[in-house]
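K.L.:
Chains as they are written, first to last, in numbering that gives the first Met the number 0: chain A, 0 to 440; chain B, 0 to 298.
Watch out, some of these pointers could steer you wrong.
Unchecked claim - The calculated lysine-lysine pairs, modelled on DSBU-like cross-linking and capped at a C-alpha distance of 30 Å, are:
id : chain 1 : residue 1 : chain 2 : residue 2
1  : B       : Lys-111   : B       : Lys-125
2  : A       : Lys-226   : B       : Lys-205
3  : A       : Lys-435   : B       : Lys-205
4  : A       : Lys-432   : A       : Lys-238
5  : B       : Lys-84    : A       : Lys-15
Said to hold, decoys possible - Derived contacts from chain B toward chain A, CB cut-off under 8 Å, selection only:
id : residue
6  : Thr-69
7  : Tyr-93
8  : Ala-96
These aren't lab readings, by the way, just hints derived from the structure by calculation. Only a predicted model underlies this, so the values are computations on that prediction, with no experimental measurement involved. Each residue gets a CB set at the ideal place from its N, CA and C atoms; glycine is no exception.
Spelled out, the chains give:
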Amino acid sequence: MRSKLNFLINISLKKKIKSKWFLIANIVIGLLIIGLINLDSIITSFGGDFDTNTKIYITDETRVIAPSFEEALNIYVTNLYGTEESNYEIEITDKSSDEIIETIKNEENNSILIEIFYDENNEINAKLISLSTLDTYDYQIISGALNTTTSMYTLSSIGLTEEQYNKILHGVEIDRVILDESVKTEDENMEMIVTTVFPVIILPFFMLTIFLIQFIGTEVNDEKSTKSMEIIISNVSPKTHFASKIIANNLFIFMQVVLMVTYAMIGLGVRKLIGGDNIINGIGTEVSNILSTLANGVLGDKLVPLLIFTIILMILTFVAYSLIAGILASMTTNAEDYQQVQGPIVIILLVGYYLSMIAGMFEGSIFIKVLSFFPLISAILSPSLLVMGQIGVVEVIISTIIMIITNYLLIKYGIRIYKVGILNYSSTGMWKKMFKSLRNK
Amino acid sequence: MLKVENVTKYYGDFKAVDKLSFTVNKGEIFGLLGVNGAGKTTTFRMIMGLLDKTEGNITLDGKEINYSVTDDIGFLTEERSLLTKLTVKEQAIYFGALKGMSDDLIIERLDKLLKKFGIEEYKNKKIKELSKGNQQKIQFITAILNEPKLLILDEPFAGLDPFNIELFKEEILNLSKKGSIIIFSSHRMDHVELFCKKLVVLVNGKSVLSGNIKEIKESYMKKNIIIKGNIDIEKLKKISGVEEVIENSLQYEVKISNKDVVDSVFKYISKCENITKFVVEEPSLNEIFISKVGESYEK
Numbered sequence: 000m001r002s003k004l005n006f007l008i009n010i011s012l013k014k015k016i017k018s019k020w021f022l023i024a025n026i027v028i029g030l031l032i033i034g035l036i037n038l039d040s041i042i043t044s045f046g047g048d049f050d051t052n053t054k055i056y057i058t059d060e061t062r063v064i065a066p067s068f069e070e071a072l073n074i075y076v077t078n079l080y081g082t083e084e085s086n087y088e089i090e091i092t093d094k095s096s097d098e099i100i101e102t103i104k105n106e107e108n109n110s111i112l113i114e115i116f117y118d119e120n121n122e123i124n125a126k127l128i129s130l131s132t133l134d135t136y137d138y139q140i141i142s143g144a145l146n147t148t149t150s151m152y153t154l155s156s157i158g159l160t161e162e163q164y165n166k167i168l169h170g171v172e173i174d175r176v177i178l179d180e181s182v183k184t185e186d187e188n189m190e191m192i193v194t195t196v197f198p199v200i201i202l203p204f205f206m207l208t209i210f211l212i213q214f215i216g217t218e219v220n221d222e223k224s225t226k227s228m229e230i231i232i233s234n235v236s237p238k239t240h241f242a243s244k245i246i247a248n249n250l251f252i253f254m255q256v257v258l259m260v261t262y263a264m265i266g267l268g269v270r271k272l273i274g275g276d277n278i279i280n281g282i283g284t285e286v287s288n289i290l291s292t293l294a295n296g297v298l299g300d301k302l303v304p305l306l307i308f309t310i311i312l313m314i315l316t317f318v319a320y321s322l323i324a325g326i327l328a329s330m331t332t333n334a335e336d337y338q339q340v341q342g343p344i345v346i347i348l349l350v351g352y353y354l355s356m357i358a359g360m361f362e363g364s365i366f367i368k369v370l371s372f373f374p375l376i377s378a379i380l381s382p383s384l385l386v387m388g389q390i391g392v393v394e395v396i397i398s399t400i401i402m403i404i405t406n407y408l409l410i411k412y413g414i415r416i417y418k419v420g421i422l423n424y425s426s427t428g429m430w431k432k433m434f435k436s437l438r439n440k
Numbered sequence: 000m001l002k003v004e005n006v007t008k009y010y011g012d013f014k015a016v017d018k019l020s021f022t023v024n025k026g027e028i029f030g031l032l033g034v035n036g037a038g039k040t041t042t043f044r045m046i047m048g049l050l051d052k053t054e055g056n057i058t059l060d061g062k063e064i065n066y067s068v069t070d071d072i073g074f075l076t077e078e079r080s081l082l083t084k085l086t087v088k089e090q091a092i093y094f095g096a097l098k099g100m101s102d103d104l105i106i107e108r109l110d111k112l113l114k115k116f117g118i119e120e121y122k123n124k125k126i127k128e129l130s131k132g133n134q135q136k137i138q139f140i141t142a143i144l145n146e147p148k149l150l151i152l153d154e155p156f157a158g159l160d161p162f163n164i165e166l167f168k169e170e171i172l173n174l175s176k177k178g179s180i181i182i183f184s185s186h187r188m189d190h191v192e193l194f195c196k197k198l199v200v201l202v203n204g205k206s207v208l209s210g211n212i213k214e215i216k217e218s219y220m221k222k223n224i225i226i227k228g229n230i231d232i233e234k235l236k237k238i239s240g241v242e243e244v245i246e247n248s249l250q251y252e253v254k255i256s257n258k259d260v261v262d263s264v265f266k267y268i269s270k271c272e273n274i275t276k277f278v279v280e281e282p283s284l285n286e287i288f289i290s291k292v293g294e295s296y297e298k
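For reference, chain B alone in the conformation it holds in the complex:
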């Protein structure tokens, strides 16, 4: 279990992370979200031991994270962190050896992963000769070569097409099934919703939203109703609890203040003609984020 307790980090007088706490259990995928400068990378660096904490504790299975446990951790940085003059094989051996792996084991796992990602022909090619997407795959492969207990992924899907995102997702879920603790950050809320059971949203280093996604959504009072048919928008807006009606080309999205309003809307809709769709939806994470922070996460 990864436990982050009341972690604070100051850069001079600037508070980059403010009393951040969360726990991630074995096999869980955890989302660390925040706009640029929110404190995500600082948090990752503190977990990895690259930065000293000003206050608080970070432990993995009850032990403080130091160089005695880093062999069991995988780390994928937001920016490319590959030695581009090396070949894929040389790079894998370099990073794998730093994880205490033998050359034979590195090559065995590298071959397997290159095949899985469909890039086995690049094994002896220099990294600088690869496309950005393929470089990202190599970076991901070197991060998971050691089958880590804790995997930290900073923007893992950056620069990837939907097909490759699927490949990454599959491998991440695979690792999760094997019991790896996975934390990742993303600018895309939909990715977080797809993967994570739990999350923390950081704003200026402070947690503004945290916990189980399902519970967060359930506890969030506001809902959305999607309606397709002939309705009078003005009458709908007059119903108490209806906050906004957005007209799309084919349907209407009605934002309500709480789930009790659903009955009133349904009563009105039942009087209307040609109603082909009436769906009550949970709000998206982005909507929850906007309501908490006052601005959109996905700018």
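Extracted from the complex, chain A is given alone in its bound form:
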């Protein structure tokens, strides 16, 4: 004889997988993930060459500034973008300004004309001419390079030795040394959270938890509002029914996670096929940097157990949210009532979501650290604090233990509420009934 629990789990899973909603949602999610990974290629394919060089025409009355300008420009590009590859193409020309302006007007790209000349005080000045407005970075780089080149020329013209000249021009190199390896700047923390933890962990976790809460509520309410719950509960115990909902929906979420990872793999494969930038190496470097920071920092050889506990914490949190959703759904009589009562748990989840986003701005905050132990929030807040080195393996283990205790209590008392609630069709005195049922055994 087949197990009734297995049957209920199967039927719940099949119902979701066979639904049109599942198919449509996964097409959208799949396309979105693949699209995001290949966003630059998609944007480029719709037109526009984003790698086009900006052409700079230079007319130089002084005949001394222009030759050194390109070198200065490259130094600025390296400082600002961290790359030695410049997108500027420089042409020093003797053509008249009018002739060049005509050329600029006929060119598709936003070319620039720099006129370097002596003014009435015999001082070197420049005029920047372009068809439309200039990018702020372009303006900063060009003006900086011009100033540097002019200064160099002026200094060399007053007869300084090369040694004196280099000393004057030598800028102060600021080497930042942070003694506490785990401490990073606010910007670095925020960047790390926004670029790595948020898209890979926090956003999918948040999204899947919302799905989970909705799925359980809808399923329980569907059975309650059609009164088929009476028949179901007359054949299987509320405990079995409750367990089937929790297991089926968590399995479904797990399946969705596997699918999302698969979509990401496909996205990366597509990127490799169409010859996009090697994002795989980029991600690899980013992840390995974080892992090496964690491994070399406070965690050392505890990295593996830490990752395991973090995953366990997340699974336990999914279970906790599904238990709460099931309990609340059992007490409501229709979908509208459920939408109202699920509000507080969604708010708790949102609090965790925003705290994890802004954790980097309040580095070292005791308040946020304490909240990271709070069940339901810990799994969403811990990854951010973990990446910043704010918490370690001990804290994650404590959060995991708290979550296990929470789930134990939710199961113990939740079953009592579920048993009473599942066959209750009155919406009056709901909370009173809920608390009263806690006394039942």
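Given the coordinates of chain A, work out where chain B should sit on it, guided by the hints.
P.N.:
For chain B alone, coordinates are given in the frame of chain A:
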């Protein structure tokens, strides 16, 4: 045998069922009657184990009813309890599997019953696409798929036309012949009179009338006499024991306090002219109910 002994159920301070007792043997059809809020559904829920009893015992063949015996029980609720987004076949498999049946057996019995009820073409249709009557048939079919030892039917004829009531009756009697214990509730006393050997009438959770219907009627002293012919109503009313004479268009219904009054009425009638009908009838269950409770059951 289903045995309900001194069962009491409280909801807080409210007593929903008060020391209810009855037994139903194998093959018997039992009526549980009562107006809305009398305690019928609470009683059914307690039998099904959906509600805990405050006091008393309920046993099926000497064993307490729990999830180890529910595979042998069929339950039809008063309201529709079908997952309307499922097809008839999916619904049957869902509820059948919860009774521990294999898919093959479910389909085999479903096909047979759909044919019997003349709705085999709806097997793969979604329940929400069916009419109310056909939904009721599907609900009934899913309740009897497992050929239950104990069948509980809460208002099984609601929403059915006379033709379909006949189909249901036939199947219920069939199950009874096979040895099923059947309990059902109905707002219609005539249905109860047609089916049941025994009944309990609940008022505010308390049994006000119970036992074998034939014995109840026999022990009920009052009778009705139906007379057709030329009679003087005033003279009839003066006969000792005559409580009421109701004049219908074609005949008179004379309510008497006990069967001894029949002779006195007959003596008077024999003197009258054109008498074509003189029948002594048992009172209806509804009349017995009114006399016990002071109000009509079928409001």
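K.L.:
Of all the hints numbered above, which does this structure not satisfy? Sort the numbers upward.
P.N.:
none
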